[in-house]
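These protein sequence lines map, in sequence, to chains A and B. Our numbering puts the first residue of the first sequence at 1, with every later residue one more than the last. Our numbering puts the first residue of the second sequence at 1, with every later residue one more than the last.
Simulated from the structure, these hints should not be mistaken for laboratory data. Please note that a few of the clues may not be correct.
To be verified - Derived contacts from chain B toward chain A, CB cut-off under 10 Å, selection only:
id, residue
1, 94
2, 231
3, 287
Since the structure is predicted, the reported quantities are computational estimates derived from the model, not experimental observations. Virtual Cβ for every residue (Gly too), placed ideally from N, Cα, C.
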Amino acid sequence: MSTATTPAPAPAAVKTAPGRDRARLLRWWPAAVLGLLIVAPYSALPLPGLLDGPVGSPGSLQLLATCLLFGALATGYDLLLGRTGLLSFGHALYFAAGSYATNMFLLEAGLPFAVAAVLGLCFGTALALVLGSVSLRVTGIGFSMVTLAFAQAGSILVSRNPGGFTGGEEGRAAPAELLPSWLVGIDHTANLYWIALAYLVLTLGVVRWAVRSPTGRVWEGIKENERRVEVLGLKPYGFKLTAFVLAGALAAVGGLVHLLLTGGSTPQTTTSDFTLSLLVMVVLGGSGTRWGPMVGGILYTWADHRLGDLAGSGAVADLPAVLRVPLSQPLFLLGVLFVAVVHLLPGGLARLPSRLRGNREEKR
Amino acid sequence: MSTIVLLTMTGLGLGALYFLIASGLSLIFGLMDVLNFAHGALLSIGAYGTWWAASGHLPGAGPGGWGFALAVLFGTAVGTLAAVVLELAVVRPLYTRPREQVLATVGVGLAVPALLSGIWGSDARTFPGPEALSGTFGLLGADVPVNRLVLVAAAVVVLVALRLFLGRTRHGLVVRAGVEDRAMVTALGIDVRKAFTLVFAIGGCAAALGGALGGLYFGSVDPRQGTSLLIFAFVVVVTGGMGSVTGAAVAAVVIGLVQQFANYYTAAGLGDLAVVVLLAALLLVRPRGLTGRLA
Numbered sequence: 001m002s003t004a005t006t007p008a009p010a011p012a013a014v015k016t017a018p019g020r021d022r023a024r025l026l027r028w029w030p031a032a033v034l035g036l037l038i039v040a041p042y043s044a045l046p047l048p049g050l051l052d053g054p055v056g057s058p059g060s061l062q063l064l065a066t067c068l069l070f071g072a073l074a075t076g077y078d079l080l081l082g083r084t085g086l087l088s089f090g091h092a093l094y095f096a097a098g099s100y101a102t103n104m105f106l107l108e109a110g111l112p113f114a115v116a117a118v119l120g121l122c123f124g125t126a127l128a129l130v131l132g133s134v135s136l137r138v139t140g141i142g143f144s145m146v147t148l149a150f151a152q153a154g155s156i157l158v159s160r161n162p163g164g165f166t167g168g169e170e171g172r173a174a175p176a177e178l179l180p181s182w183l184v185g186i187d188h189t190a191n192l193y194w195i196a197l198a199y200l201v202l203t204l205g206v207v208r209w210a211v212r213s214p215t216g217r218v219w220e221g222i223k224e225n226e227r228r229v230e231v232l233g234l235k236p237y238g239f240k241l242t243a244f245v246l247a248g249a250l251a252a253v254g255g256l257v258h259l260l261l262t263g264g265s266t267p268q269t270t271t272s273d274f275t276l277s278l279l280v281m282v283v284l285g286g287s288g289t290r291w292g293p294m295v296g297g298i299l300y301t302w303a304d305h306r307l308g309d310l311a312g313s314g315a316v317a318d319l320p321a322v323l324r325v326p327l328s329q330p331l332f333l334l335g336v337l338f339v340a341v342v343h344l345l346p347g348g349l350a351r352l353p354s355r356l357r358g359n360r361e362e363k364r
Numbered sequence: 001m002s003t004i005v006l007l008t009m010t011g012l013g014l015g016a017l018y019f020l021i022a023s024g025l026s027l028i029f030g031l032m033d034v035l036n037f038a039h040g041a042l043l044s045i046g047a048y049g050t051w052w053a054a055s056g057h058l059p060g061a062g063p064g065g066w067g068f069a070l071a072v073l074f075g076t077a078v079g080t081l082a083a084v085v086l087e088l089a090v091v092r093p094l095y096t097r098p099r100e101q102v103l104a105t106v107g108v109g110l111a112v113p114a115l116l117s118g119i120w121g122s123d124a125r126t127f128p129g130p131e132a133l134s135g136t137f138g139l140l141g142a143d144v145p146v147n148r149l150v151l152v153a154a155a156v157v158v159l160v161a162l163r164l165f166l167g168r169t170r171h172g173l174v175v176r177a178g179v180e181d182r183a184m185v186t187a188l189g190i191d192v193r194k195a196f197t198l199v200f201a202i203g204g205c206a207a208a209l210g211g212a213l214g215g216l217y218f219g220s221v222d223p224r225q226g227t228s229l230l231i232f233a234f235v236v237v238v239t240g241g242m243g244s245v246t247g248a249a250v251a252a253v254v255i256g257l258v259q260q261f262a263n264y265y266t267a268a269g270l271g272d273l274a275v276v277v278l279l280a281a282l283l284l285v286r287p288r289g290l291t292g293r294l295a
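Extracted from the complex, chain B is given alone in its bound form:
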């Protein structure tokens, strides 16, 4: 029983991490037809930003208490800023060429991890975190690490915030309408490009937060982390139905759980394969993913 509880909580934590990346990815894809290959890089920037601040480089920030909260805030802000710069400098000039937009993000996705490993080395760095978050708590007889709970809570907050933003605000309405039919929104005289920048900022914010919290989850940061998580986020986006935030949330939970359970009950590493097999099986049955969105 305790094993199942622990696996479930770990799977949910991982799923939360996937959701934080996949939500922004899904929105950017739904709105702009752009598969953002630099999204993993945004996550890495957030992770390194937090690590840098929490290691005492930023006045007031540190590995414990409010200092850590400030460090996370700093990392997230840097990631958001990077996303905005990415949109304005790399993606926007290719506005009419979606295929080339994807290619340009591939270039950024190659360059940023290389730059990070150039500055801080290619080896993993220990991630400082507050002691309150490094302990465990008892749940149904299992000792569950606290950071799993933090990740799930953050993912739920982001999900609720995104749903409120998309459902209740004017900007959210434009984004939603743009996801459904970009040509129509443009024809109504609404500048979709502002929505693009906004969605990139939101996606970058979520991904960078994912990077900061991923540091807690893994206990370390390394330049390749973002790229390897990105691939599972892609699987989440396809599984959940493209452009759907709720679909991404459901798929992230399913994939996180499948991966953890398969890793434990079969040979280690088979969990990653199980996820891909799951994806293939789903595509054979429902080529449009869980929510039936167009691919």
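This is chain A alone, in the form it adopts within the complex:
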């Protein structure tokens, strides 16, 4: 897992003292980026093409917050796929559980937000524990199919609207009067943005801490060769379950952030398409790398929004049917993009710099 560590300094940089300083400075780039992200709501910088309005405007902040949220969610999901080698197709379930359960505790029990949030998080984690312990009885692709089946059951349950709890296809709006006032309304978008940013930092921190822990070493072993871990006298089941529950809990927190950000729970977050889009994010960015899933999640979410705009724009409507029909379907473009990434860019965007460097050195 060489790419999980900070990129090695260029060979020339080691020799000279100024080069070493530069390398030391380069190591702090995440802090610089974080600083920029923290002050972003105060900026009125327009980014034409990238965003509709200036960075600090509510619309742009909302999109940025969504991007950060999905960057974090993809990072948490990669704890399973890239770190432990578990291809789960049911991750959406725990995300939706965090969102719906918190919303239910607010709406039906009238609990204060903090209590509802903790209970919602507990519910999502417990669900991950129960369903994970069943689905991990099957290994390999069988595990993927079982997690998918559970997620599908959850999706059906939500859309059937049992007892009027979930609101069916409509979803259910969060009660604005029960939320803290600094989290509601378009004037407070910056607060929501900071919450999404905090969730991202939390997820990156937890994932980094977890994969560096002794348990994380076992995960890596399971990913490389599960049988060998067994031979060493360790039971992979418990370690895999730990990864599953931790990733589920992180997803439940994400659901909570999503609830605040969008002001409600939507059934779209329970569908298998939603998990598949998480998968696309992780693979696009680079599975098993520190920054890859985050970059993938941010890029995917941004592209998804912009492709939606592109599909509805006049330029596309004027094209001949052969071009217009595929271009008007964002999912088609994303599906094709995904196939292309899998074929042409093994390792995702995170491996791109090292691949380019490798090519250049080959040509020399």
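Given chain A's structure and the hints, the job is docking chain B onto it.
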């Protein structure tokens, strides 16, 4: 009594539909370790192909009589062709990377339904069928729709054909041996890749036929149909034991029946949940599925 007969026949029809998807899925998985997420898309292609031909776009094909048979043949052929293209263009270049093969089919599984809804709209289209197949017949006091019988008959034909192919032909022998131990077959100097394409073609053929007949069963086609059926086909494959066609057949019947009966005798929609509960219970008792195949 008549209710039970009707539910049984409907459950068997649904089971037949599941089997048509799951058989190919199971073989592809058993042979290549690839979970084909684009299999639902192949079903949709078959369904839309048949619908397109039967709506009078193909000379000679139509909604009735032999015209409909031709339409089904056309839809199945298009689905088979799509499966071969999928294998050659998307799956084969990733020959040594099973995980990435799965991911690539996920991309195709997203793109194809989106393309279908781009061309023909995302709403369901009424499916034309011959009048002979839209009626009902009396069985033990129940009025059973004829199309259930067609589905069951098609599934039985596919099952028998697959068993004959796998058991009696040389290609079938290679496929069976590949399912058991791919490394051994490769070591014997047999090109497993040809078997891959063949299995994809067979699976695509069955799925596309399932799409054409599923149109009859549901009375309509829509772009999401294939994906939603695919998930139950996954359940069938896990339940039946992976790579086993016979296991898939048994599991498909069980799951189709459980779903129908649970839907009728409890609240509507609980049947889908019952299937998943059944799967969870089975996995707790027998993690390798009904036939004990390795997952």
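Going through the hints against the structure:
1. 94: Check passed: Cβ of residue 94 (chain B) comes within 7 Å of chain A, closer than 10 Å.
2. 231: holds (5 Å)
3. 287: For residue 287 (chain B), the interface hint holds, since the closest Cβ of chain A sits about 4 Å away, which is under 10 Å.
Hint violations for this structure: none, all hints satisfied.
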